[in-house]
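Engineer: Okay, here's what each chain looks like letter by letter:
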Amino acid sequence: MNRDIWVFAENFGGRPAPVYGELVRKANEMREKMQEARVCGVVLGKDVDGLAAAASVQGVDTVYVMDHPKLDTLDACVLKEAFAALIRAYNPEVVLVGATALGAELAPGIAGKLKTGLAAHCVDIEVTEKRINCMVPAFGGRVISEIYVPATRPVMASVRPGIFDAPEPAGAGAPVTAGNPSTQVVRADSSFLDSVTSPVEMIAFEQDAPSADLRLEDADIVVCAGRGVSTQEDFENVKALAGKLNAAFGCTRSFVDLGFVPDESRMIGTSGKSVKPQLFLGFGISGAAHHTCGMNKSKLVITVNRDEKARMFANSDYGVVGDAGKVVSALLKQL
Amino acid sequence: MKIAVCIKSVPDPDCYDKITLDPVNKTLNRAGIPAVINVADKHAIEAALQLKEEYGGSITVVSMGPPPVEQQLREALAMGADDAYLLSDRKVGGADTLATSYAVSKLIEQTGPYDIILAGNESADGATSHVPAQIAEWMGLGCICSALSIRVEDGKAIVTKKFENGTGTFRLGLPCVIAVNQRINKVRLTNMMAVLKAKKKPLTVFSAADITGLDESRVGLAGSPTQNGELHMAESTKVCTMLEGTEEEAAAMILEKIKPLLKA
Ligand SMILES: Cc1cc2nc3c(=O)[nH]c(=O)nc-3n(C[C@H](O)[C@H](O)[C@H](O)COP(=O)(O)OP(=O)(O)OC[C@H]3O[C@@H](n4cnc5c(N)ncnc54)[C@H](O)[C@@H]3O)c2cc1C
Chain A
1 MNRDIWVFAE
11 NFGGRPAPVY
21 GELVRKANEM
31 REKMQEARVC
41 GVVLGKDVDG
51 LAAAASVQGV
61 DTVYVMDHPK
71 LDTLDACVLK
81 EAFAALIRAY
91 NPEVVLVGAT
101 ALGAELAPGI
111 AGKLKTGLAA
121 HCVDIEVTEK
131 RINCMVPAFG
141 GRVISEIYVP
151 ATRPVMASVR
161 PGIFDAPEPA
171 GAGAPVTAGN
181 PSTQVVRADS
191 SFLDSVTSPV
201 EMIAFEQDAP
211 SADLRLEDAD
221 IVVCAGRGVS
231 TQEDFENVKA
241 LAGKLNAAFG
251 CTRSFVDLGF
261 VPDESRMIGT
271 SGKSVKPQLF
281 LGFGISGAAH
291 HTCGMNKSKL
301 VITVNRDEKA
311 RMFANSDYGV
321 VGDAGKVVSA
331 LLKQL
Chain B
336 MKIAVCIKSV
346 PDPDCYDKIT
356 LDPVNKTLNR
366 AGIPAVINVA
376 DKHAIEAALQ
386 LKEEYGGSIT
396 VVSMGPPPVE
406 QQLREALAMG
416 ADDAYLLSDR
426 KVGGADTLAT
436 SYAVSKLIEQ
446 TGPYDIILAG
456 NESADGATSH
466 VPAQIAEWMG
476 LGCICSALSI
486 RVEDGKAIVT
496 KKFENGTGTF
506 RLGLPCVIAV
516 NQRINKVRLT
526 NMMAVLKAKK
536 KPLTVFSAAD
546 ITGLDESRVG
556 LAGSPTQNGE
566 LHMAESTKVC
576 TMLEGTEEEA
586 AAMILEKIKP
596 LLKA
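Chains as they are written, first to last, in the numbering used here: chain A, 1 to 335; chain B, 336 to 599.
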């Protein structure tokens, strides 16, 4: 057993998913309290030399690579075999996985295979003298529970994108322009995969049409509609306001349920995105824990609700008691 | 087509803001919060009903929990499931996701075999999304989580799932485990007739001893690799200043506050 902290570098079109940099930064903070710990990246896929080089970011000592034609897939069933084999071969103490669509399915599969503990959707990870404490939200984020793994190894934790801070320009997790000579790339034997057959086969992948709209995770300003934005006109006005402010548009659950937005990529909260913009402007949001846990790291929060007792105000720096639609159209006029 | 649907009884998510922490014992106070079927699991039941309508067969709901969970199983029967099994035993209590998925996989083995095992993608309370993938791992089956559509073709399940940058389509050999995204369907309403009929449908409660080959070292608190430390309330550190006035005046004040942040 060594004290290595592994971070999964999921393949997002030949580059590690952005959450990789966030987790590498966190892993480097953890290592300060873990003697002799190294921070290592994990790369799975087919012909992934480029990805391994891209995963050799600041603060990563070693990148473990498993390269095999069968890993050119989003099937977690075969990927977990490869990942678990790497863990068995090199015995890390901690494995961090970004809770992306793939990661959220892969991590429990690996933990199940290795019969070890996995903490889900951590909002923080603390290394104390005695143990590694994963802060895990429950009841929609109303409660934070400390989860630790006393006996089995590795300690596994998943973290949703946007929860931890992105790397500083030259800090841990930041890309290295000319490749990282101090990162060692270890290519593990993948020949055992020749005889592995997965019960799952990926038969198609349809790429989303490129969208010009600012993504929630990239925005300095987020404008969010809650159910108090109840007419089509008000809804369009909130979107228009987002456009005028160079902000990303976000919403609460009901708009997804009713089909106003096509999927969870615009929803903020436990089942959607975590955002921490400089400014969060919210309209007609009640402030359910499921929602606020996705925005409570925002810097300046201003919200409008017609109910002066709305819980959302407890998560706000400034509040307006009033009609969401009217405030939005006044803002549009005054801008 | 034999379908199993795993359901969980959870405290009603509309009441989570009422949960408090006992400052002395550090235990949760959730008294008075009613139990309901986890929302995503209702969508799994609906998915099962649609598969049954299309391909025929039967739907069995399975759950693990204390005896009152019978009530949520009855509700699932009223939604249209054919029979139900509950694994209820102190020995399986206090389980984390790995120990839960082990016990549920054993219950599935005991009452099966099934062609498709469905579940909701996440629970409202714990929301780990671990259990479906871990049931699949214990049973050595293929699995897709957050499924947006399911159909059966040539004895295999065809399942779609949304990723960050697109939609993947997967073919799974049967049996398989599929956890559904809530967007997969709209849950139909149940009527009084169905509720009455559900009272006569078979519901069997098993204890740990009833489950063949259950390894007791793998269940409950003892079988759980994760342990709980302290609980904390997620309290906001913000102090809210109210901006008073008409909507127009409030808008002007908001603009004043945000001006420094707006790019020219
Ligand atoms: C497992 C699970 C996961 C979930 N995940 C998420 C998630 O990721 N994101 C999410 O958002 N939700 C999520 N939810 C749902 C969440 O619990 C809440 O139901 C939801 O966030 C409420 O959205 P809301 O505030 O827009 O609506 P409501 O709670 O209905 O609140 C509407 C608010 O608008 C105010 N209002 C009404 N009319 C006006 C008006 N004219 N002007 C101004 N104010 C007005 C009301 O006073 C009220 O406060 C999840 C739930 C579950 C069970």
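Keep in mind that a hint or two might mislead.
Stated by the list, open to error - Only pairs whose alpha carbons sit at most 27 Å apart, straight line, appear in this in silico DSS-like list of lysine-lysine:
no.	chain 1	residue 1	chain 2	residue 2
1	B	497	A	113
2	B	497	B	535
3	A	239	A	130
4	B	337	B	491
5	B	573	A	326
6	B	598	A	326
7	A	130	A	33
8	A	46	A	70
9	B	353	A	309
10	A	244	B	337
11	A	309	B	573
12	A	297	A	309
13	A	70	B	491
14	B	387	B	491
15	A	297	B	361
16	A	130	A	115
17	B	573	A	297
18	A	115	B	353
If you're looking for bench data, these hints aren't it; they were derived computationally from the structure.
Keep in mind it's a predicted model, so treat the numbers as computed, not measured.
Engineer: Sort out whether residue 573 of chain B lies within 27 Å of residue 309 of chain A, counting only the CA atoms.
Structural biologist: With Cα atoms ~15 Å apart, residue 309 of chain A and residue 573 of chain B stay inside 27 Å; holds.
Engineer: Tell me if the straight-line CA distance from residue 598 of chain B to residue 326 of chain A falls inside 27 Å.
Structural biologist: holds (24 Å)
Engineer: Taking only the CA atoms, is the gap from residue 353 of chain B to residue 309 of chain A under or equal to 27 Å?
Structural biologist: Within the cut-off at roughly 14 Å; holds.
Engineer: Going straight from one Cα to the other, do residue 70 of chain A and residue 491 of chain B come out at no more than 27 Å?
Structural biologist: holds (20 Å)
Engineer: Could you grab the alpha-carbon distance between residue 337 of chain B and residue 491 of chain B and see if it respects the 27 Å cut-off?
Structural biologist: holds (13 Å)
Engineer: Take a quick look at whether residue 497 of chain B and residue 113 of chain A sit within 27 Å of each other, Cα to Cα.
Structural biologist: holds (25 Å)
Engineer: Is residue 297 of chain A within 27 Å of residue 309 of chain A, Cα to Cα?
Structural biologist: holds (22 Å)
Engineer: For a C-alpha distance cap of 27 Å, please report whether residue 130 of chain A and residue 33 of chain A respect it.
Structural biologist: Holds: residue 130 of chain A and residue 33 of chain A sit about 11 Å apart, inside 27 Å.
Engineer: Are the Cα positions of residue 387 of chain B and residue 491 of chain B separated by 27 Å at most?
Structural biologist: OK: residue 387 of chain B and residue 491 of chain B at ~15 Å, within 27 Å.
Engineer: Does residue 115 of chain A pair with residue 353 of chain B here, judged by a C-alpha cut-off of 27 Å?
Structural biologist: violated (35 Å)
Engineer: Checking one constraint from the list: CA of residue 573 of chain B to CA of residue 297 of chain A, max 27 Å. Satisfied?
Structural biologist: holds (10 Å)
Engineer: Does residue 115 of chain A lie within 27 Å of residue 130 of chain A when you go C-alpha to C-alpha?
Structural biologist: Holds, at about 22 Å.
Against the hints set out earlier in the document, violations occur for numbers 2, 3, 10, 18.
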